[in-house]
Each structure stands twice: as structure tokens, then as C-alpha cells.
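Keeping their order, the protein sequence lines are chains U and X. Each residue of the first sequence is one higher than the last, beginning at 85 in my numbering. Each residue of the second sequence is one higher than the last, beginning at 32 in my numbering.
In short, the hints are calculated from the structure, not lab data. All C-beta atoms, glycine included, are put in the ideal place defined by N, C-alpha and C. It is possible that some hints are incorrect.
[Claimed, not checked] Below 20 Å or equal to it, Euclidean Cα-Cα: the simulated SDA-like pairs (lysine to any residue) are:
1) Lys-123(X) <-> Arg-160(U)
2) Lys-58(X) <-> Asp-188(U)
3) Lys-101(U) <-> Lys-123(X)
4) Lys-128(X) <-> Asn-147(U)
5) Lys-206(U) <-> Leu-35(X)
6) Lys-206(U) <-> Asp-40(X)
7) Lys-206(U) <-> Asp-52(X)
8) Lys-128(X) <-> Lys-389(U)
9) Lys-389(U) <-> Val-367(U)
[Claimed, not checked] Residues from chain U shown here face chain X by an in silico Cβ test under 8 Å; the list is partial:
10) Val-102
11) Met-162
12) Val-175
13) Ala-183
14) Lys-399
15) Asn-400
16) Ile-443
[Said to hold, decoys possible] If you anchor each label on the Cβ, the simulated ranges turn out as follows:
17) Phe-198(X) <-> Glu-123(U): 17 to 23 Å
18) Leu-290(X) <-> Val-439(U): 58 to 64 Å
19) Asp-124(X) <-> Arg-192(U): 41 to 47 Å
20) Lys-33(X) <-> Ser-234(U): 40 to 46 Å
21) Ile-171(X) <-> Glu-208(U): 49 to 55 Å
22) Arg-192(U) <-> Ile-176(X): 33 to 39 Å
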Amino acid sequence: MKPGNAIEVKDVTRSFKVYLDRGKSIKEFTLFQKRRKYEKREVLRGISFDVAKGEAVGLIGHNGCGKSTTLKLLSRIMYPESGTIEVAGRVSSLIELGAGFHPDMSGRENIYINASIFGLSKKEIDRRVDDIIAFSELEEFIDNPVRTYSSGMYMRLAFSVAINVDAEVLLIDEILAVGDANFQRKCFDKLREIKKNGTTIVIVSHSLDQIEQICDRSIWIHKGLIRAEGRPKEVHAQYLDYMDEKRKEIEEKERERQIALGNIDPEEDAKRWGNGEAKFESVQITNADGEEQEAFPMGGDIYIKLGYSVKAPVKNAILGLAIYRLDGQHCYGTNTRIDKHKCFDLSEDGTAELVLKDIHLLPSRYILDFSIENAEGDPVDFFREAAQIDITSDTEEVGVFSVDHEWKIGEGAHGADK
Amino acid sequence: MKSLREIYDYREMIFSLVRRDLRGRYKGSVLGFLWTFINPLFQLLVYTFVFGYILPNRMVDRYYLFLFVALIPWLFFSTSVSGGAGCIKAQKDMVNKIYFPRMVLPISYVTSMLVNMLLSFIVVVVVIFFSGIGFNFHAILYFPIIVIMEYILALGFALIASAITVFFRDMEYILGIVTMAWQFLTPVMYPMEYVPERIRPIYELNPMTPIINAYRDIFYYKQVPQLRTLVMGGVLSVALLVIGCIVFQHLQRHFSEEL
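Could you build the full structure based on these sequences and the hints that come with them?
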């Protein structure tokens, strides 16, 4: 292993036998061992990557792509069929929290059991036990049996142990869903601190945001191979594009199936529904000069012109807008009722205009949905994915929106000497 | 060698699991840890009643004691083997999610059974004291040696049994029957002298024969076990532990797929 590396994975393959017919009787089991049918499912088909000491890497990919298997191989729960995996130093995994907890024993006793499973000696646990209790915020309850804990308290205790093990390599599988928002924040901060102290971290998560906040690099595993790796933002953009394609395909297939079943009328659009009294006929997205475009700079204005036709007058109509990110994150939504716009009826064909001023969405691709509802809130025309826009900027901010802000650094801080 | 070192690093896990098992077992019951002593005591009372009063055995003096000093070590062995068979399967969540040397599980199971046996022996010692049979302190010096021997033997079997059970679930139930039959083929309930000369060689092959005989020598006959018994027991125990380790190491790589 190269001196600067904490993890080296070389050409690793792994497959599983999935038994279709396991052979239920003794006769089948003993005599027809060869005949038992199974399918070989190749989960990893030769992946290689290195992780440097102190680096944080996120593994992403859709379900069944092999990312969790990779994590299991790294933690030595499973072994590769071919290829090699080397991991330097003590490994702690936040995969199974609260391993070995006994409900009738106290929180403190369970800390000792749980920590010992991570390979800590009694002395090492003695040194950490106060930190663990403090982190869990369970001081008052620590000598009560764990069965009296709420599930949130239980997870807090378990997480506190796992994160205070001081491993050199930390493996995490979808864990940051522990406890309330405050505790999640705290866990996150702790993870950052751990990273700063030089711990190597590998995270498997569906939350791209979390990976972007912690990781230096993302690895996208697709069908057992590495499809892309690099800066999280860039890899995630490719991944989201792919997922969007995939989702469209699935929706299309489902629609075809439903049409075949006669459940929906092929004339009807899957992305549109409503009673048809009024309908959007056109959606134009333009800049201030009226030129149609898809990409808008962050902080710019977006002009939307909606053309509609009316079959039957809609009294007290409500026009609505929703903005989604490609991963399905609902970023914003409003309508004329929420905005307390004065009531209006749609009685004949016409247009409506909407200006999104000083748009603060962070750079990404967004989907716009529009809707017409009647006074009762029933859909008249729901038009999903009516348009797409790209917000561009070179900002490094993370999240959904940019918030206007200003730093004021106090007297105590001095400018760095040049 | 590397795995031995690793098991040493995980020693605290073994202690924790043993502690959890012993302390957790009777948690919540009124008598709590006292049950550890009450169980063997009542067993002894029942045997005394049956074999001293209903079915008095005139061939063997104080049969209840004769039986008891052998039965307690036997129960340690048989539960280690038949109960230990399921010890990895029972912790499948842990095995599937966390890395630790897998041998820790059978080691903790057998160790916790060992502690139980030692506690039961306190009852045995108290009963011997009150029965007036007395002790041979020179013989008792051999007690730890025999205990270690039996521990090694039980661990060897538990390693094999627990590893095989992961792949072949019937093993656990098969072992339940096997240990029952095994008890009758070991001189637990009768002295070796009752065994017909012709089939004695079979008994010689049984690794539990020298161990049970040694326990009885120490506490019942108040004599130092024969050197031959000790050597036989030691060699068989170590051999089984080595086989157990090899089998276990070989099978453990595939535990997580099977569970």
C-alpha cells in the first residue's frame, strides 16, 4: 500500500448466488446438489479506487448498484471473490447501531458492551465513557435500563458510542437520520470534526446534500462498475441527469402498461390531468428582453408567459407554480390564493404572466410545474414538468437557496499576515 | 497466529458478552442471580430423593454425589456443544453488519457456560462439606487443570458446531439428540467398572471419558487423577481445539452470505 493511502481497492469482483430452488427435501439436498438452481448475480464487476488518509469519499448509485456491498467488503464482513482490498488502521462502522445492546441493562453497561464490539479495551472505554455520555445528552438516564428509553434516545446512545470510537477509518451507511434535527446537526458537526482530525471517511448515502457537505470526492457506482468519480457536485450532476432519464423511462413504461390494461386513455397525458374546463396552451420562459432561454444566472429575473384556452368559464380560478429539483426535491411552490392576489375568473382564452425576481435558487437544473385550480381547489389543469430551467453561477454555496447574508468578524480576529 | 492476536485485542468483547449473558439472564426475576445456585441445588435434591429413597443404588455409596460431581461438568459440555451450535446464527444481525473476529461468539458462549459451571461447583463443594465426605486438598489442585482441559474440548466442539450450523441449520437439532445419547455413552451415571470389557475401547475414544473420570477422582474418590487420564484428556482436547479452529477459519468467510 502506498504510504499516503488509507484504503486501496483493486479489481474487486463479487457475486451472489441467488437460489431459485433450494431443494427442500433431504433427497433433493443430498442427491441432487448439482441440480439446485441458482442464478449468479454479479454485484461488483471489477472496481478499483484508492482513498487517501484523511479523505472523505461518498459512494452513490441507485439501489442494488453495489455500493453497500462495497462498504461491506471494506468492513471485512464479506470477502471479495477476486481482487484485493487493503485498509489501514482501526475500522469503525456506523452500519449497525447499538449492536449487542441488552434491553435490561443500563445505558452505561451497554456502552461498555457496544464499544467492546468495536474492539476497544476496558481502559480505552473508561477513557471515553464520559465523552460518550455527554455527547448522547442522556446523563440523567444513563443508569436506567435501555428498555425504558425512547427509540430516539436509544439511537442517540448507539450513535454516540460508534462515533467516539476514534477509528482511523469510519464507514457510514445512511445514518444521519438519527434523533431530532438538533441531534442530527450535532452528529454532522462531529463528523466534520472527526474528518478534520484526519480520520478517513467512506459514506454510502442517498442524500447527495450530505455527501456534498462532507466529502471531497464522490464515486458513482453503476451496475457493479465505477461510472464516474470526482468532485461531488460534478458527479452528482451527472448522476441526477441519469436518474431523471431513468425516471422518465419508468414513468413511460408504467403509462404504457396502464394503457395496455385500459386504465388510462392513451390520449391523456401522464403529466397532465384536470377537468379540462381550461388548459395551458403555451409556456414561454424568457429574459427581460423577451428572448426565450433555458439558462438564467443566479440573481437574475425570469419571465414566464402562460397561454391558456377556456372551454367552460372557471370562477375564482387559482394559478399555481411549483419548482422541483431533478432529484425530486420540492424547492418552492406558491399560487395566486397564497399570494392573496385578487380573485379572477377565466372566461375566455388569454395569457398570464409571472416574473420570478432576483432568483436565489442555487445552480442546478429545475423543473417547473404549473396549475389551474377552481375555487374548491380541484384540478382544472395540472401541467407537470411544463418547463425546465438551469440556474448558473460559480458560487460554492450548498443547499437549495442562497440566503442574503453578511459576515461581521469581531475585534478578536486579526487579518492573516501575508 | 494473526487471528490469535486479534482475538486478544477483542478480549473486552468476550468479557462483555459473558457479563451480559450472566447478568442479563436472570435480570428482572425476583431472585436474580441466586437462580444460578438454586438450579443445581434443586437438581441435587431431586436426584437425592430419587436415587437415595425411591431407587436406592446399593452398588455405589452416596450415589447422588457420585452422579452430581459428574453431571455438572457434563451439562457444561453438552450445553456448550448443542447450545453453542446456534450462537453465530443467533447473532446474525451483528455478524451481517459489523466486523469482529467471529470466533469471539463461540468463545464467549462457552466461557459463559464455564462460569456457570464454576458457580454450580460452589454448591457441590458446600454439599460435600455437609455430607462429611471431606476433601483431599492435594487432589483438588488438579481441578483447574481438568477444568481447562474440558473448556478447551468444549470450545473445539462448539467452534465446529457453530460454524456448520450456519450452513446446515439441522445441525443444531441433530446435536441435541447426539449429546443426549452421548451422555449415556459416557460414564456419567455409572462407574467405568460397569462397562463390559469388550466395548471399553469405544469409551477410550470418547474424549469426555477421561475428563468425567478425573472430576470424579477429585471430588468423589478423593484421589489424584491418574497420569494416563490426564494425558489422554489433554491430548484429545488440544487436538479437537486445533481441528475446531481450522474448520472455523475455513468456513467463516462465508458466514455473512449464508445468514
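Hint check results:
1. Of the pairs offered as hints, the one joining Lys-123(X) and Arg-160(U) holds, with about 15 Å between alpha carbons and a cut-off of 20 Å not exceeded.
2. Between Lys-58(X) and Asp-188(U) the CA atoms are separated by roughly 7 Å; this keeps the pair inside 20 Å, and the hint holds.
3. Between Lys-101(U) and Lys-123(X) the CA atoms are separated by roughly 19 Å; this keeps the pair inside 20 Å, and the hint holds.
4. The suggested pairing of Lys-128(X) with Asn-147(U) holds, with an alpha-carbon distance near 18 Å, which does not exceed 20 Å.
5. The hinted pair formed by Lys-206(U) and Leu-35(X) meets the criterion: a straight-line CA distance of about 19 Å does not exceed 20 Å.
6. With a CA separation close to 11 Å, the supplied pair Lys-206(U) and Asp-40(X) stays within the 20 Å bound.
7. Annotation: proposed proximity of Lys-206(U) to Asp-52(X) holds, straight-line Cα distance about 18 Å (limit 20 Å).
8. Proximity of Lys-128(X) to Lys-389(U) is assessed by CA-CA distance (about 54 Å); at most 20 Å being required, the pair is judged violated.
9. Of the pairs offered as hints, the one joining Lys-389(U) and Val-367(U) holds, with about 6 Å between alpha carbons and a cut-off of 20 Å not exceeded.
10. The beta carbon of Val-102(U) comes no nearer than 11 Å to any beta carbon in chain X, farther than 8 Å, and the hint placing it at the interface is violated.
11. Contact between Met-162(U) and chain X, as hinted, is supported at the beta carbon level, the nearest pair being about 5 Å apart and thus within 8 Å.
12. This hint holds: Val-175(U) has a C-beta 7 Å from the nearest C-beta of chain X, less than the 8 Å allowed.
13. The interface hint given for Ala-183(U) holds, since its Cβ lies 5 Å from the closest Cβ of chain X, which is under the 8 Å cut-off.
14. Of the supplied interface hints, the one on Lys-399(U) is violated, with its beta-carbon coming no nearer than about 59 Å to a beta-carbon of chain X, more than 8 Å.
15. Proximity of Asn-400(U) to chain X is violated relative to the hint, the smallest CB-CB distance being about 57 Å (cut-off 8 Å).
16. Using the Cβ-Cβ criterion of 8 Å, the hint placing Ile-443(U) at the interface with chain X is not satisfied: the shortest such distance is roughly 44 Å.
17. Restraint check, Phe-198(X) to Glu-123(U): a C-beta distance of roughly 20 Å satisfies the suggested window 17 to 23 Å.
18. A hinted range of 58 to 64 Å holds for the C-beta pair Leu-290(X) and Val-439(U), which are about 60 Å apart.
19. For Asp-124(X) paired with Arg-192(U), a C-beta distance near 23 Å fails the hint of 41 to 47 Å.
20. For the hinted restraint 40 to 46 Å between Lys-33(X) and Ser-234(U), the CB-CB distance of approximately 42 Å keeps it satisfied.
21. The hinted window of 49 to 55 Å between Ile-171(X) and Glu-208(U) is violated, with their beta carbons roughly 38 Å apart.
22. A C-beta distance of roughly 38 Å is found between Arg-192(U) and Ile-176(X), which places it inside the suggested range of 33 to 39 Å.
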